[in-house]
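Student: Model the placement of chains B and C on the given structure of chain A, informed by the hints.
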Amino acid sequence: MPDLGKYADAVLSAYAVSIVLLVAIVGLSLWRGARVRADMRAVEERTRRDG
Amino acid sequence: MSLWEYANPVKFLRLSERVLPWLWGLSAVCLVVGLVWGFFFTPDDFRQGSTVKIIYLHVPSALMAINAWFMMLVASLIWIVRRHHVSALAARAAAPVGVVMTLIALFTGAIWGQPMWGTWWAWDPRLTSFLILFLFYLGYIALWEAIEDPDTAADLTSILCLVGTVFAVLSRYAVNFWNQGLHQGASLSLDKEENVADVFYQPLLLCIAGFVLLFFALVLYRTGTEIRVRRTRALIAREGKLA
Amino acid sequence: MRALLLRDLRLALRAGGGFGLGLAFFLIVIVLVPFSVGPAAELLGRIAPGVLWLGALLACLLSLDRLLAVDWEDGALDLLATSPLPLEGVLAIKAVAHWITTGLPLVVAAPVFGVLLNLASPGYGVLVLSLLLGTPALSMIGAFGAALTVGIKRGGLLLSLLVLPLYVPILIFGAEAARRGAEGLDPTTPLLMLAGITGVVLALMPFAAGAVLRVNLR
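Protein chains in written order, with our numbering: chain A, 1 to 51; chain B, 52 to 294; chain C, 295 to 512.
Pulled out of the complex, with its shape left as it was, chain A reads as follows (with noise of 0.2 Å):
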């Protein structure tokens, strides 16, 4: 950990910050594109059974 002096706060908070908001779009894209991907494919089963 390198010495980060008096503003170790500041230079802290705004690495947690980024890396949060980073984390959280790419985690809730490949969230979303998991859901997509399975409804896509349950529903091309359905209908090629069906069809």
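Incorrect hints may appear among the rest.
What the hints assert, rightly or not - Derived Cβ-Cβ restraints for the label pairs, each shown as a range:
#1 C:Gly383 with B:Glu196: 30 to 38 Å
#2 A:Ala8 with C:Leu511: 54 to 62 Å
#3 B:Glu196 with C:Pro380: 30 to 38 Å
#4 B:Glu196 with C:Leu337: 52 to 60 Å
#5 C:Leu379 with B:Trp73: 26 to 34 Å
#6 A:Ala38 with B:Val87: 55 to 63 Å
Stated by the list, open to error - Below, a list of computed lysine to any residue pairs in the SDA-like style, where the Cα atoms sit at most 25 Å apart:
#7 A:Lys6 with B:Pro94
#8 A:Lys6 with B:Val263
#9 A:Lys6 with B:Pro147
#10 B:Lys292 with B:His136
#11 B:Lys62 with B:Gln253
#12 B:Lys62 with A:Ala16
#13 B:Lys62 with A:Arg46
#14 B:Lys62 with A:Arg35
#15 C:Lys447 with C:Leu374
#16 C:Lys447 with B:Arg281
#17 C:Lys447 with B:Ala288
#18 B:Lys62 with B:Leu256
#19 B:Lys292 with B:Asp202
#20 B:Lys62 with A:Met40
#21 C:Lys447 with C:Ile341
#22 B:Lys292 with C:Arg512
#23 B:Lys62 with B:Arg289
#24 C:Lys447 with B:Lys62
#25 C:Lys447 with B:Pro94
#26 B:Lys62 with A:Arg37
#27 B:Lys62 with B:Ala204
#28 C:Lys447 with C:Leu356
#29 C:Lys447 with C:Ala497
#30 B:Lys62 with A:Lys6
#31 B:Lys292 with A:Glu45
#32 B:Lys292 with A:Arg48
#33 B:Lys292 with B:Trp172
#34 A:Lys6 with A:Gly27
#35 B:Lys62 with A:Ile19
#36 A:Lys6 with B:Trp88
#37 B:Lys62 with A:Val43
#38 B:Lys292 with B:Ala204
#39 C:Lys447 with C:Gly369
#40 B:Lys292 with A:Ala38
Note that these hints are calculated values from the structure, not bench results. Keep in mind that this is a model prediction, so the values were computed, not measured. Cβ coordinates follow ideal geometry from the N, Cα and C atoms, glycine included.
Tutor: Chains B and C alone, transformed into the frame defined by chain A:
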């Protein structure tokens, strides 16, 4: 082989499947190396102390916040002129990423501003323009969400994007003018590029590359998601008709 | 075109909402300001130009969602779209009607409300001039916003979210001109910028609004 081939959703999906792992990996490498390098192995600035390390997040995110809007503008134009659905969906997919970038830029800016300028928020031209940009993103996304018919939504949002761009640029200049009108010559904004020395410059470049790659990966991935959503909806609609 | 303008004006008058409601809203905003910041005359005088501009802007915004909604609901908009008049022209006329029923009364009333806020005496002329130059652009941008959201149920809130960021440059230059006027400085530059923006908006915005409305009528 022309670029327009990838306007075909199937080809687009196939390409993005192939490219995406590389994009995710590269952006992760760039970001981790750049941030670790910047955080652990660069000296403190003699005037700003350790807060200079915020630059590795602040500058790339601010860059991408503007570039994301620019990409949406180009995608909207392509949709209006050539009517490729992938293009409209890419614009839609980019907007939330742009919002996150704007938020990071605003938050890190505020956190940086507190010790350096003595205030979380100043109505400095740059800060103010970013807040306005944020509002534009919100309106754009809200309009997408509000309209059910996808083609209508794509048309309306792309026109909004064009008009919004004109007004965002206008606001940028208006805000500049307005602030000078308030306190003459008192410039809070530090000139970021001028006094960045090499030690800070190299990790900064890596971080910028990481943010750019991450943006592309996210947009490609999210566009694929939107394409699948639409395909699912079309399949369900056809099912309903057959039944 | 004149027939359409007269029809819109008559409708606004008969509905009673046109002239009265916007003005009353403007008055309420102005009255609430001293309650929220305190009655000190010196402070009120200093913020008066900005508050008057903000109030005018909000009053303008208030009546926007009715700009096209009524004609949309009873199908008159479809008739207008098939008429020989271009849709761009229809929207420009609608914006003019909106300005005459909302913007013009605000411009006329602003000096009176300025007295309530203790506006400095050299500021009145510039205030009226800046509002006169700025409010037509507000109506025209509003027509664009109304055309965007016309197909959406309860689009009022969305309309505000879309239109308010577009109002930023006009508000900045308008309020700046009024402030300089009140402080006895030269307001020429912001006034010219304001006039320029309004001119561009009036010239180009009907086309954007027309394109948007055509999509919505599809």
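Student: Does each hint fit the structure? Answer for all of them.
Tutor: Right, here's what the structure says about each hint:
no. : hint                               : in the structure
1   : C:Gly383 with B:Glu196: 30 to 38 Å : 32 Å, holds
2   : A:Ala8 with C:Leu511: 54 to 62 Å   : 59 Å, holds
3   : B:Glu196 with C:Pro380: 30 to 38 Å : 31 Å, holds
4   : B:Glu196 with C:Leu337: 52 to 60 Å : 41 Å, violated
5   : C:Leu379 with B:Trp73: 26 to 34 Å  : 55 Å, violated
6   : A:Ala38 with B:Val87: 55 to 63 Å   : 35 Å, violated
7   : A:Lys6 with B:Pro94                : 15 Å, holds
8   : A:Lys6 with B:Val263               : 32 Å, violated
9   : A:Lys6 with B:Pro147               : 35 Å, violated
10  : B:Lys292 with B:His136             : 23 Å, holds
11  : B:Lys62 with B:Gln253              : 37 Å, violated
12  : B:Lys62 with A:Ala16               : 38 Å, violated
13  : B:Lys62 with A:Arg46               : 24 Å, holds
14  : B:Lys62 with A:Arg35               : 22 Å, holds
15  : C:Lys447 with C:Leu374             : 21 Å, holds
16  : C:Lys447 with B:Arg281             : 23 Å, holds
17  : C:Lys447 with B:Ala288             : 24 Å, holds
18  : B:Lys62 with B:Leu256              : 32 Å, violated
19  : B:Lys292 with B:Asp202             : 21 Å, holds
20  : B:Lys62 with A:Met40               : 17 Å, holds
21  : C:Lys447 with C:Ile341             : 37 Å, violated
22  : B:Lys292 with C:Arg512             : 23 Å, holds
23  : B:Lys62 with B:Arg289              : 23 Å, holds
24  : C:Lys447 with B:Lys62              : 37 Å, violated
25  : C:Lys447 with B:Pro94              : 57 Å, violated
26  : B:Lys62 with A:Arg37               : 17 Å, holds
27  : B:Lys62 with B:Ala204              : 24 Å, holds
28  : C:Lys447 with C:Leu356             : 16 Å, holds
29  : C:Lys447 with C:Ala497             : 30 Å, violated
30  : B:Lys62 with A:Lys6                : 54 Å, violated
31  : B:Lys292 with A:Glu45              : 17 Å, holds
32  : B:Lys292 with A:Arg48              : 15 Å, holds
33  : B:Lys292 with B:Trp172             : 56 Å, violated
34  : A:Lys6 with A:Gly27                : 33 Å, violated
35  : B:Lys62 with A:Ile19               : 33 Å, violated
36  : A:Lys6 with B:Trp88                : 21 Å, holds
37  : B:Lys62 with A:Val43               : 21 Å, holds
38  : B:Lys292 with B:Ala204             : 24 Å, holds
39  : C:Lys447 with C:Gly369             : 16 Å, holds
40  : B:Lys292 with A:Ala38              : 22 Å, holds
Hint check: violations occur at hints 4, 5, 6, 8, 9, 11, 12, 18, 21, 24, 25, 29, 30, 33, 34 and 35; the rest are consistent with the structure.
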